[in-house]
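Those protein sequence lines, which keep their order, are chains A and B. Each residue of the first sequence is one higher than the one before, counting from 1 in this note's numbering. Each residue of the second sequence is one higher than the one before, counting from 1001 in this note's numbering.
Some hints here could point you the wrong way.
Said to hold, decoys possible - Per label pair, the in silico range of CB-to-CB distance: (1) T94/A - A1086/B: 27 to 35 Å; (2) R1008/B - P13/A: 41 to 49 Å; (3) P97/A - G1080/B: 37 to 45 Å; (4) R66/A - D1101/B: 28 to 36 Å; (5) S37/A - T1081/B: 40 to 48 Å; (6) A1045/B - S50/A: 31 to 39 Å; (7) S37/A - S1048/B: 23 to 31 Å; (8) V1077/B - A86/A: 42 to 50 Å.
Stated by the list, open to error - Taking beta-carbon pairs under 8 Å as the criterion, some of the chain B residues facing chain A (in silico): (9) C1049; (10) T1105; (11) A1106; (12) A1107; (13) Q1110.
If you're looking for bench data, these hints aren't it; they were derived computationally from the structure. Glycine is no exception: its CB is placed at the ideal position from the N, C-alpha and C atoms.
Number of protein chains: 2
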Amino acid sequence: MTTATKPRVLDHPARDEIRLEAVLHALSDAVRLRIVSDLARAEGAELSCSFFELPVTKSTRTHHFRVLRESGVIEQVYRGTAKLNALRRADLDTLFPGLLDSVLTAADAQTTREAD
Amino acid sequence: MTTATKPRVLDHPARDEIRLEAVLHALSDAVRLRIVSDLARAEGAELSCSFFELPVTKSTRTHHFRVLRESGVIEQVYRGTAKLNALRRADLDTLFPGLLDSVLTAADAQTTREAD
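The following block holds chain A by itself, in its conformation from the complex:
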């Protein structure tokens, strides 16, 4: 008797389970804002966790991606041992119109100010 191995699936909140407080918390961190900005610029392309150049350890990076996934900001799928990430833009734009873009704009504005 063989037992089929269940494919590796990561837990994601359904659209109607996504809460504003959790999304804002997820975005209230400089590293996570960076990840989200990079994903937004990728315009839907899936990026692996290792693609991002982040000034943190791998375990911290994993933590940040999990926070983003569990809050409903990103979707993660396994491709072998790597995880590919994409922004859940359609869900976020439907639930919270304009929020993602205003946060991305705000993050850019702050980065620009800090560079001066």
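Here the structure of chain A is known, so what remains is to put chain B in place on it, guided by the hints.
Positioned in the frame of chain A, the structure of chain B alone reads:
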């Protein structure tokens, strides 16, 4: 010799000290979102802490207001023993255009969905 008592002044971040991560963290709580929504509807009028009907203890309420003040979201001034609160809309709209309104809209949308 008399010593003049220093007026009770609360610490606030200057506009250029306000950080997006701190503002988002401040807004990532249901009670604080409620406070900010009420202040926004007051359109600049100063409201005392006791004005808000919040399902928390007084000490928790004080904590929430402090988080909002220290992050730069609200301004608090003493009037006798009470504190009057106002949204720092001009600062937030200048630093992070559209952010406050999109968060308020998102909070309203979520409240409406939950009421259904």
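Pairwise beta carbon distance, V1077/B to A86/A, judged against the given window 42 to 50 Å: Roughly 46 Å apart at Cβ, these two residues keep to the hinted range, so it holds.
Cβ distance range 27 to 35 Å for T94/A and A1086/B, holds or violated: holds, 32 Å
Whether the CB-CB distance between A1045/B and S50/A falls inside 31 to 39 Å: Given about 51 Å between the Cβ atoms, the range is violated.
Pairwise beta carbon distance, R1008/B to P13/A, judged against the given window 41 to 49 Å: holds, 44 Å
Whether the CB-CB distance between R66/A and D1101/B falls inside 28 to 36 Å: The hinted range 28 to 36 Å holds for R66/A and D1101/B, with Cβ atoms some 30 Å apart.
Hinted contact C1049/B with chain A - closest CB pair below 8 Å: violated, 21 Å
S37/A paired with S1048/B, Cβ distance criterion 23 to 31 Å: Given about 39 Å between the Cβ atoms, the range is violated.
Chain A contact restraint on Q1110/B - CB to CB distance below 8 Å: Interface hint status for Q1110/B: holds (5 Å vs cutoff 8 Å).
Agreement of hint A1106/B with chain A interface, Cβ distance less than 8 Å: holds, 4 Å
Range agreement (Cβ of T1081/B with Cβ of S37/A, hint 40 to 48 Å): Holds, since S37/A and T1081/B (Cβ atoms, about 44 Å apart) stay within the stated range.
Chain A contact restraint on A1107/B - CB to CB distance below 8 Å: For A1107/B, the interface hint holds, since the closest Cβ of chain A sits about 6 Å away, which is under 8 Å.
Range hint compliance [Cβ, P97/A to G1080/B, 37 to 45 Å]: holds, 42 Å
The earlier numbered hints that this structure contradicts are 6, 7 and 9.
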